[in-house]
Amino acid sequence: MSERTRPRRAETRQRVLDAAFEVFAERGIAATSLSEVAAAAGLTKGAVYSNFASKDDLVLALMEKHAAQRIDAALSAFNDGATIAVDRHGTDQAIADMAGALVAGMRADAAWHRLLAEFFAMANHDPVRREALRDRRREVREAITRVIVGVADRLGFELPLPAAEFAVVLLALSNGLAVESQIDPEAVPDNLLARVLTLIAGDAVAVVRSATLGATTPKTTGG
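Here the sequence shown stands for residues 10 to 232, numbered as in my numbering.
Quick caveat, the hints were computed from the structure, so don't treat them as lab data.
It is possible that part of the hints are untrue.
What the hints assert, rightly or not - Listed below are the simulated DSS-like cross-link pairs for lysine-lysine, each with C-alpha atoms no more than 27 Å apart in a straight line: (1) Lys-74 with Lys-64; (2) Lys-54 with Lys-64; (3) Lys-74 with Lys-54.
To be verified - Simulated restraints on C-beta separations: (4) Asn-200 with Glu-20: 37 to 47 Å; (5) Phe-129 with Ala-152: 17 to 27 Å; (6) Val-158 with Pro-198: 27 to 37 Å; (7) Asp-193 with Ala-62: 36 to 46 Å; (8) Asp-199 with Glu-140: 29 to 39 Å; (9) Val-158 with Ala-82: 24 to 34 Å.
For each residue, glycine too, the CB sits at the ideal point set by N, CA and C.
Could you put the whole structure together from the sequences, leaning on the hints where they help?
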């Protein structure tokens, strides 16, 4: 007779996160209790509290998970689309691949952006919540900064502004375009983010392209 085992802590945590996203997306953060999240996850309220100290803690954990997924998707697109045999269009294409992954996530994340906007509004009137949100967003930006540095190193170009500031720009652009896309999808072409990022990094891309062409163009000898 097999003995029933409790779900592992990591499994329980994931079940809570998945259920929380579904319930928050349907009812909103403010209107949802942790008891409702627990019921949706098929767990006790105690199981939720054993993983998350509060509803705010749960929301912030969702943010961290979501950011990690977006970063992984963009990095995967970069690795798949630019195996870094940077040909004359390779750098542009690598940027486009990363931006494309971000846009794909943006298009699929309508519910997520509503939750982010709601929590931001809640934090705006609560200093403790605002500080917690600020700290978590700093962690997200630091993770994105590390990815940007790695991508620039692999492509062999110097960023047109500090990597940390580039991370802020990338977040602001992707989040802002997501909002505009939800309001009017036709106003935000799929390649808009890629075009903007290429413009921002234009000089650096030109340097890489020039160096690459110089290395691959056969030299001629005078005679």
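How the hints compare with the structure:
Of the pairs offered as hints, the one joining Lys-74 and Lys-64 holds, with about 15 Å between alpha carbons and a cut-off of 27 Å not exceeded. Distance check on the hinted pair: Lys-54 and Lys-64 sit about 12 Å apart at the alpha-carbon level, within 27 Å; holds. Of the pairs offered as hints, the one joining Lys-74 and Lys-54 holds, with about 21 Å between alpha carbons and a cut-off of 27 Å not exceeded. The hinted window of 37 to 47 Å between Asn-200 and Glu-20 holds, with their beta carbons roughly 39 Å apart.
A beta carbon spacing of about 19 Å between Phe-129 and Ala-152 agrees with the range 17 to 27 Å that was offered as a hint. In this structure the supplied range 27 to 37 Å holds for Val-158 paired with Pro-198, their Cβ-Cβ distance being about 28 Å. One distance hint, 36 to 46 Å for the beta-carbon pair Asp-193 and Ala-62, holds here, with the actual separation near 39 Å. Against the hinted window of 29 to 39 Å, the Cβ-Cβ separation of Asp-199 and Glu-140 comes to about 36 Å, which satisfies the hint.
For Val-158 and Ala-82, the Cβ-Cβ distance of about 18 Å falls outside the hinted range of 24 to 34 Å, so the restraint is violated.
Of the numbered hints listed earlier, the single one contradicted by the structure is hint 9.
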